[in-house]
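Undergrad: Sequence:
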Amino acid sequence: MATASIRPAAVAGYFYPDDPHALRAQIGEMLAAAVPLETVSAPKALIVPHAGYVYSGPVAASAYANLAGLRDVVRRVVLLGPAHRMAVRAFALPAAQFFSTPLGQIPMSRGDWEALQARPDVVVDDRPHAAEHSLEVQLPFLQTVLDAFELVPLLVGNASTEAVAEIIETLWGGPETLIVISSDLSHYHPYGQAQSCDRATVDQILTLRSGIDHEQACGATPVNGLLRAAAQHGLEPHLLDLRNSGDTAGDRSRVVGYASIAFSQSHAHAHAARH
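The sequence shown begins at 1 in the UniProt record's numbering and counts up by one.
Don't take every hint at face value.
Have a look at the derived ranges for each label pair, beta carbon to beta carbon [said to hold, decoys possible]: (1) Asp18 to Arg252: 28 to 38 Å; (2) Pro107 to Glu215: 32 to 42 Å; (3) Gln232 to Asp18: 35 to 45 Å; (4) Gln117 to Gly211: 26 to 36 Å.
Hints in this document: simulated from the structure, not taken from any laboratory. Cβ atoms here follow ideal geometry from the backbone N, Cα and C, with glycine treated the same way.
Using the sequences and the hints given, assemble the complete structure.
TA: Next up, the structure:
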């Protein structure tokens, strides 16, 4: 296999351990400390943070701990996150056919990879993916909580809420598909100010109100698209964890906010669908 077809891990040893044994141990500890929310049944979508594991890993683990019952169900993960390193016009797919982490390689969903290229707002370009952490840091968690799965990794740039919702809709699938939106919340406010700002953002998400801006969340664009799609599908959001780097591993003068939110079928909607 040509190495050009593999996107190697870019932030292993920096955002998370590059030794597979240390990585498994750290993820195992974080998952063990996370308490799944009993009211959340089979999440269809997650919003999870993407900082270094010492900062946001425990918050991310609170989302991934809720996937325990889906280990052998989910076979396809649609993963959207912001491009931090390089401007992306709308959506960027990698040319690479595998993403590599210290825990192994994850294959692209080849059919989706080919179909998405028919969209004029999707480019195939390895460059914005090469050093990007927002998607990569989710992969070791996914490799730990799921059995074998295929990946649809999209970096989101200057796209409209409607375009993101539409692309999520085309990839929606059934129970075999999990949608993961990678986003942190506010950046570099003092601790108390960040708490207030992030709580307001989370309240907006919990009422499925799009219109979140990039001061509120670095992944605002994919978050807004998910909120639109979730409303259309009758999904109900559940807050799993809300903290910031001042709570986990940083000082409190300039913090970054993190939340994990699961979206699952609302009981009312599921009941209606059965009639």
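Undergrad: Please go over all the hints and tell whether each is borne out by the structure.
TA: Here is how each hint holds up against the structure:
Between Asp18 and Arg252 the CB atoms are about 29 Å apart, so this pair conforms to the stated range of 28 to 38 Å. About 36 Å separates the C-beta atoms of Pro107 and Glu215, a value consistent with the hinted range of 32 to 42 Å. Taking 35 to 45 Å as the suggested C-beta distance range, the pair Gln232 and Asp18 conforms, at roughly 40 Å. For Gln117 and Gly211, the Cβ-Cβ distance of about 30 Å falls inside the hinted range of 26 to 36 Å, so the restraint holds.
In terms of the numbered hints stated before, the structure departs from none.
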